[in-house]
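Asker: Here the protein sequences line up with chains A and B, keeping their order.
When we follow our numbering, the leftmost residue of the first sequence carries the number 1, and every step to the right adds one.
When we follow our numbering, the leftmost residue of the second sequence carries the number 1, and every step to the right adds one.
No wet-lab data here; the hints were simulated from the structure.
Note that the structure is a prediction, hence the values are computed from the model and not measured.
Treat the hints with care, since some could be wrong.
Since the list can't tell identical chains apart, any single copy or any two copies may satisfy a pair.
What the hints assert, rightly or not - Computed cross-link-like contacts, DSS-like style, restricted to lysine-lysine with a CA-CA straight-line distance of at most 27 Å:
| id | residue 1 | residue 2 |
| --- | --- | --- |
| 1 | K45 | K211 |
| 2 | K73 | K278 |
| 3 | K84 | K73 |
| 4 | K260 | K46 |
| 5 | K194 | K96 |
Number of protein chains: 2
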Amino acid sequence: MIVLKNIQQAQVIFKNIRTKRQTIGFVPTMGALHNAHEQIILRSKKESSVTVVSIFVNPLQFGPKEDFNKYPKPFNKDLSICKKLKVDYVFAPTIKQMYPDKIVYTNISVKKYTGILCDKFRPGHFNGVATVVTKLFNIINPTKAYFGEKDYQQLLVIKQLVKDLNFTIDIVPCETFREPDGLAFSSRNKYLSKTERNQANVIYKSLLYCKQLILTKKFSLSKCINYSKIFLNKNILLPHKIQYFEIYDNNLSPVNNDVKQIKPNTTLRIFVAVYLGKTRLIDNMPVNI
Amino acid sequence: MIVLKNIQQAQVIFKNIRTKRQTIGFVPTMGALHNAHEQIILRSKKESSVTVVSIFVNPLQFGPKEDFNKYPKPFNKDLSICKKLKVDYVFAPTIKQMYPDKIVYTNISVKKYTGILCDKFRPGHFNGVATVVTKLFNIINPTKAYFGEKDYQQLLVIKQLVKDLNFTIDIVPCETFREPDGLAFSSRNKYLSKTERNQANVIYKSLLYCKQLILTKKFSLSKCINYSKIFLNKNILLPHKIQYFEIYDNNLSPVNNDVKQIKPNTTLRIFVAVYLGKTRLIDNMPVNI
Numbered sequence: 001m002i003v004l005k006n007i008q009q010a011q012v013i014f015k016n017i018r019t020k021r022q023t024i025g026f027v028p029t030m031g032a033l034h035n036a037h038e039q040i041i042l043r044s045k046k047e048s049s050v051t052v053v054s055i056f057v058n059p060l061q062f063g064p065k066e067d068f069n070k071y072p073k074p075f076n077k078d079l080s081i082c083k084k085l086k087v088d089y090v091f092a093p094t095i096k097q098m099y100p101d102k103i104v105y106t107n108i109s110v111k112k113y114t115g116i117l118c119d120k121f122r123p124g125h126f127n128g129v130a131t132v133v134t135k136l137f138n139i140i141n142p143t144k145a146y147f148g149e150k151d152y153q154q155l156l157v158i159k160q161l162v163k164d165l166n167f168t169i170d171i172v173p174c175e176t177f178r179e180p181d182g183l184a185f186s187s188r189n190k191y192l193s194k195t196e197r198n199q200a201n202v203i204y205k206s207l208l209y210c211k212q213l214i215l216t217k218k219f220s221l222s223k224c225i226n227y228s229k230i231f232l233n234k235n236i237l238l239p240h241k242i243q244y245f246e247i248y249d250n251n252l253s254p255v256n257n258d259v260k261q262i263k264p265n266t267t268l269r270i271f272v273a274v275y276l277g278k279t280r281l282i283d284n285m286p287v288n289i
Numbered sequence: 001m002i003v004l005k006n007i008q009q010a011q012v013i014f015k016n017i018r019t020k021r022q023t024i025g026f027v028p029t030m031g032a033l034h035n036a037h038e039q040i041i042l043r044s045k046k047e048s049s050v051t052v053v054s055i056f057v058n059p060l061q062f063g064p065k066e067d068f069n070k071y072p073k074p075f076n077k078d079l080s081i082c083k084k085l086k087v088d089y090v091f092a093p094t095i096k097q098m099y100p101d102k103i104v105y106t107n108i109s110v111k112k113y114t115g116i117l118c119d120k121f122r123p124g125h126f127n128g129v130a131t132v133v134t135k136l137f138n139i140i141n142p143t144k145a146y147f148g149e150k151d152y153q154q155l156l157v158i159k160q161l162v163k164d165l166n167f168t169i170d171i172v173p174c175e176t177f178r179e180p181d182g183l184a185f186s187s188r189n190k191y192l193s194k195t196e197r198n199q200a201n202v203i204y205k206s207l208l209y210c211k212q213l214i215l216t217k218k219f220s221l222s223k224c225i226n227y228s229k230i231f232l233n234k235n236i237l238l239p240h241k242i243q244y245f246e247i248y249d250n251n252l253s254p255v256n257n258d259v260k261q262i263k264p265n266t267t268l269r270i271f272v273a274v275y276l277g278k279t280r281l282i283d284n285m286p287v288n289i
């Protein structure tokens with residue numbers, strides 16, 4: 001396994017790999033690797049000749065009051081996980097390498113899927129994501145890039161970015177991996193206290209609950225949402241706050257509140273964001289009706 | 001010479017060329033090719049194994065009141081010029097190919113060199129340029145890309161874009177080519193009436209005049225500008241309007257108004273934009289002091 005910190009050096013190596021007609025599978029991460037990352041890395045290893053994992057906590061996608069500074073950075077542990085999985089290259093640039101000027105002059109905005117869900121509560125977040133992902137794509141030159149469905153809105157933004165900027169990169173959505181009790185894997189789970197962790201799977205259960213309510217076709221979507229919020233609030237006994245609990249179709253378009261009016265074979269998706277103590281957790285779940 | 005209109009087809013061809021370790025010289029144009037384009041194309045042919053000329057009048061970089069609709073589009077003449085020069089590929093996509101959605105969702109902004117010169121008078125123009133150039137870079141995958149110094153601010157914006165987004169493309173600045181009487185080549189010269197054309201070279205002469213004034217080191221820069229404006233207004237006898245006449249250093253930073261305070265070996269650059277009738281013409285000139 002080769003660890004690259006220098007952008008120019010990385011670009012020479014990755015261009016060279018592509019010139020030899022080898023394929024590059026790219027798993028962008030912010031480090032603090034967990035089981036879901038491992039599954040995605042293993043998938044990339046199956047599907048491409050060379051797998052590149054990037055580890056970079058991107059300051060540009062954090063708001064001024066967000067957790068950039070305390071975001072976990074267990075770099076050596078991350079490296080040993082990558083080594084165990086036989087990752088070919090880890091790309092781990094410094095912030096100074098990625099943003100050499102004090103000001104970030106060039107910004108990319110994707111004005112689709114905006115004003116809802118995470119974009120509503122994290123203004124500028126997806127611009128930061130789009131900008132760093134474009135940089136990483138230009139550095140790594142991947143054939144395929146893997147993005148988790150847990151960050152579903154991000155996945156759609158990246159797909160739009162790739163389409164609009166004519167990247168020839170196959171964006172591969174990866175299903176959400178969960179702990180045995182249902183909690184979606186996330187680096188931010190590390191923030192949870194033991195008692196918070198014990199109750200965190202209620203978020204997943206509230207999605208399941210909502211899904212079942214929808215499938216009865218007895219309630220409007222807004223009712224399903226309200227009942228699910230009540231369910232969630234009843235079952236998390238620690239301080240918490242629901243940031244959003246919403247339902248859209250799979251393309252994040254609004255859907256008819258009357259489930260019976262929605263045409264069959266539509267996939268809905270339920271989205272939730274919850275503060276459990278100070279930790280913000282998100283999750284989502286598809287519902288085929 | 002192969003004319004490509006389809007983006008996907010172009011991407012396969014250009015990726016293939018790069019995989020064979022051949023270099024691609026890219027000359028982005030909005031068509032209406034003139035002598036300066038020809039010189040740049042010849043330079044690219046010398047410096048790269050394959051030369052690609054793009055012809056695309058990019059609606060995104062025109063303001064709502066600007067000349068997008070009447071911008072000259074002599075496509076067949078352009079093709080015959082490219083053929084004559086033995087260009088390898090002409091990439092000429094339709095607007096629908098480049099912007100398939102009715103809304104352009106993804107935009108790139110470069111917040112450097114802003115608020116002055118063309119950016120002041122054409123808000124959004126450089127975002128439109130940055131966005132289309134990024135698309136073209138991703139489609140054509142060039143080794144080198146050629147940009148004229150006549151659009152000096154654009155050249156610096158593109159260099160910043162390439163740096164910030166980690167493109168591995170060598171941006172080659174090309175000196176301004178001029179008609180025998182000094183007028184800088186521009187597709188917009190075609191808009192000029194015969195009498196306007198006869199007086200248009202006063203713009204160039206005003207730059208020369210200003211340069212000479214600066215080099216005497218007897219006047220402040222603001223005085224040099226004022227005298228040059230007077231010179232220009234005196235010598236153009238047709239309806240016209242100076243939009244800007246400004247002096248910066250070569251990096252578009254402000255410079256000391258007192259020429260004697262500027263340290264030796266600094267390159268200044270004089271910039272001018274003039275409406276001659278309804279035609280907006282720009283030019284600039286370096287001054288080594």
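Asker: If a hint holds in the structure, say so; if it does not, say that too.
Answerer: We went through each hint and held it up to the structure:
no., hint, in the structure
1, K45 <-> K211, "neither (34 Å within a copy, 62 Å between copies)"
2, K73 <-> K278, "within (18 Å within a copy, 59 Å between copies)"
3, K84 <-> K73, "within (18 Å within a copy, 59 Å between copies)"
4, K260 <-> K46, "neither (42 Å within a copy, 67 Å between copies)"
5, K194 <-> K96, "neither (36 Å within a copy, 55 Å between copies)"
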